[in-house]
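Dock chain V against the given chain W, drawing on the hints supplied.
Protein chains: 2
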Amino acid sequence: MKKPYRGSSRPRAALSSDCERTDEKLCLFRIPGLPEIRKGEDLAKSIVAAARKAGLPFAAGDVLVVAQKIVSKAEGLLVSLGNVTPSAKAQALAAQLKKDPRAIELVLRESRRILRSDRVLIAETHHGFVCANAGVDHSNVPGDDLVTLLPRDPDGSAEKLAAALRKITGKRIAVIITDTFGRPWRLGLTNVAIGASGLPVLVDLRGTRDRDGKPLTATVLAVADELAAAAGLLMGKAEGTPAVLIRGYRFKPASEKAAGIVRPASEDLFR
Amino acid sequence: MKKPYRGSSRPRAALSSDCERTDEKLCLFRIPGLPEIRKGEDLAKSIVAAARKAGLPFAAGDVLVVAQKIVSKAEGLLVSLGNVTPSAKAQALAAQLKKDPRAIELVLRESRRILRSDRVLIAETHHGFVCANAGVDHSNVPGDDLVTLLPRDPDGSAEKLAAALRKITGKRIAVIITDTFGRPWRLGLTNVAIGASGLPVLVDLRGTRDRDGKPLTATVLAVADELAAAAGLLMGKAEGTPAVLIRGYRFKPASEKAAGIVRPASEDLFR
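Those sequence lines, one after another, are chains W and V.
Position one of the first sequence corresponds to residue 880 (the working numbering), numbered consecutively onward.
Position one of the second sequence corresponds to residue 880 (the working numbering), numbered consecutively onward.
Please keep in mind that the hints were generated in silico from the structure rather than gathered at the bench.
All values derive from a computational prediction rather than experimental measurement.
Do not take every clue at face value.
Which bits of chain W does chain V cover? Going by a derived footprint, with three or more residues having C-beta under 8 Å, they are [said to hold, decoys possible]:
(1) 945–951
(2) 958–972
(3) 975–985
(4) 1031–1042
(5) 1054–1067
Derived CB-CB ranges, DEER-like [unchecked claim]:
(6) H1005/V <-> E1146/W: 26 to 34 Å
(7) S1145/W <-> E1146/V: 26 to 34 Å
(8) P914/V <-> A928/W: 43 to 51 Å
(9) Q975/W <-> P914/V: 54 to 62 Å
(10) E1146/V <-> T964/W: 50 to 58 Å
(11) E1146/W <-> R931/V: 41 to 49 Å
(12) K978/W <-> S1145/V: 31 to 39 Å
(13) E1146/V <-> G934/W: 40 to 48 Å
(14) P1021/V <-> D1147/W: 30 to 38 Å
(15) S1134/V <-> G912/W: 44 to 52 Å
Where is the CB? At the ideal position from N, CA and C, for every residue including glycine.
Isolated chain W (complex conformation) (with noise of 0.2 Å):
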């Protein structure tokens, strides 16, 4: 192992410049020092101060990816389960699952519909999105009785810190929001776009040619998705870094929100 990063002689503003918007590199950047989130925090103040300090300055073409927990908590989402009371079906449901009534029922409020209940609760959202206790989450929360909900909006979200960002920095600045999702057919999760701003979230090729010159028919890219996810990659959910600056990645300014990557329900072979 090399010496850390921190240690580096050489200057870190530096290191986090020498990657442009070429498609040949791209670079990931932990923005490291960012306090506990508490309702009502400036997140794009809190942000920008703590990747000033790392020697990260914004540069226009940037894109922050943040996890779904800090702007759920700078919006209040913090839920006490001293203060739920759970319907008769949450408490059929906990009984049948082993889990705490109080949580279940906050998982259907916050779901439009379960898809499963086997082992764990598969839930589609209000926003549409589908995933394991809609969104309902205790980690990196503190105290033993409080969970997180998912922001009300999340593409909403986006847009505000894409804004403040730019108010504060001067410059242009795409957010995605990320929470980390499972999936049917493959272990593990993986951080998916939940909410969006200033970028493509897909991006289509179908009308364009491979190298051969053949049209491509069915390859649409779920961009915002692998931004989200290679985020993922330096924000270790156990470690607790919440914001990665990624810098080199070429794209088109647009106003898509991350709700256009939810699949249409008629156009969905696994409802």
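Structure of chain V alone, referenced to chain W:
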């Protein structure tokens, strides 16, 4: 847009060597200039030569992500549709889906099971992967008549490539073979790992504690898929860059296989 990286006066090697394995920073580099890969091609040799030419010498701990397509080509897994005689079942399915019956025949041969045949064929391959058309693909293949099949043993292919890279470079390089798969519930494809060598594919954080000291109960990250997704951002299907070098990812060398990411049918709620 800044001056492209190619035209930079800074030496490329310096740019590529500033990424240390500290969890602080991650760098991804396209490896440009690979030739059209033919059957029997020594992939390791070609990739090392291309990387050197681009000023990107491999370092110990690097992760090389290669597209399935070039592995299949090197392994001779190109099939001419002209040589395929469709079965009655393939003809019936092809009529229903308005596809080439010969291509459908190949999908059936590559499949253990067909999960859906509504608009596309969602198949479970003999490896256990669930994907469209069992990986039978006509993009980035020369000629109208040729399609590629997935490698027979992608983990074995990754292991062989890693061994060959080590022989040439003297360095331990982890290898991921990636393909783009669709997902239920979410639009767009993302790159996933279908073969791996030298690194953990799933990182189990269960038993570790979050930043608030609470044990994490359900946090297994599919890091090989996240590495593949990150590389996918630079691969851009149409541009045909089938090799990406990831530097700075911290991991303990391991001999896990990407086959281990396939969720056992007994634990799968969506089969």
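Now the hints, each set against the structure:
{"no.": "1", "hint": "945–951", "in the structure": "violated (count 0)"}
{"no.": "2", "hint": "958–972", "in the structure": "violated (count 0)"}
{"no.": "3", "hint": "975–985", "in the structure": "violated (count 0)"}
{"no.": "4", "hint": "1031–1042", "in the structure": "violated (count 0)"}
{"no.": "5", "hint": "1054–1067", "in the structure": "holds (count 7)"}
{"no.": "6", "hint": "H1005/V <-> E1146/W: 26 to 34 Å", "in the structure": "holds (28 Å)"}
{"no.": "7", "hint": "S1145/W <-> E1146/V: 26 to 34 Å", "in the structure": "holds (29 Å)"}
{"no.": "8", "hint": "P914/V <-> A928/W: 43 to 51 Å", "in the structure": "holds (49 Å)"}
{"no.": "9", "hint": "Q975/W <-> P914/V: 54 to 62 Å", "in the structure": "holds (58 Å)"}
{"no.": "10", "hint": "E1146/V <-> T964/W: 50 to 58 Å", "in the structure": "violated (33 Å)"}
{"no.": "11", "hint": "E1146/W <-> R931/V: 41 to 49 Å", "in the structure": "holds (45 Å)"}
{"no.": "12", "hint": "K978/W <-> S1145/V: 31 to 39 Å", "in the structure": "violated (21 Å)"}
{"no.": "13", "hint": "E1146/V <-> G934/W: 40 to 48 Å", "in the structure": "holds (44 Å)"}
{"no.": "14", "hint": "P1021/V <-> D1147/W: 30 to 38 Å", "in the structure": "holds (35 Å)"}
{"no.": "15", "hint": "S1134/V <-> G912/W: 44 to 52 Å", "in the structure": "violated (36 Å)"}
Consistency with the previously given hints fails for numbers 1, 2, 3, 4, 10, 12 and 15, ordered from lowest to highest.
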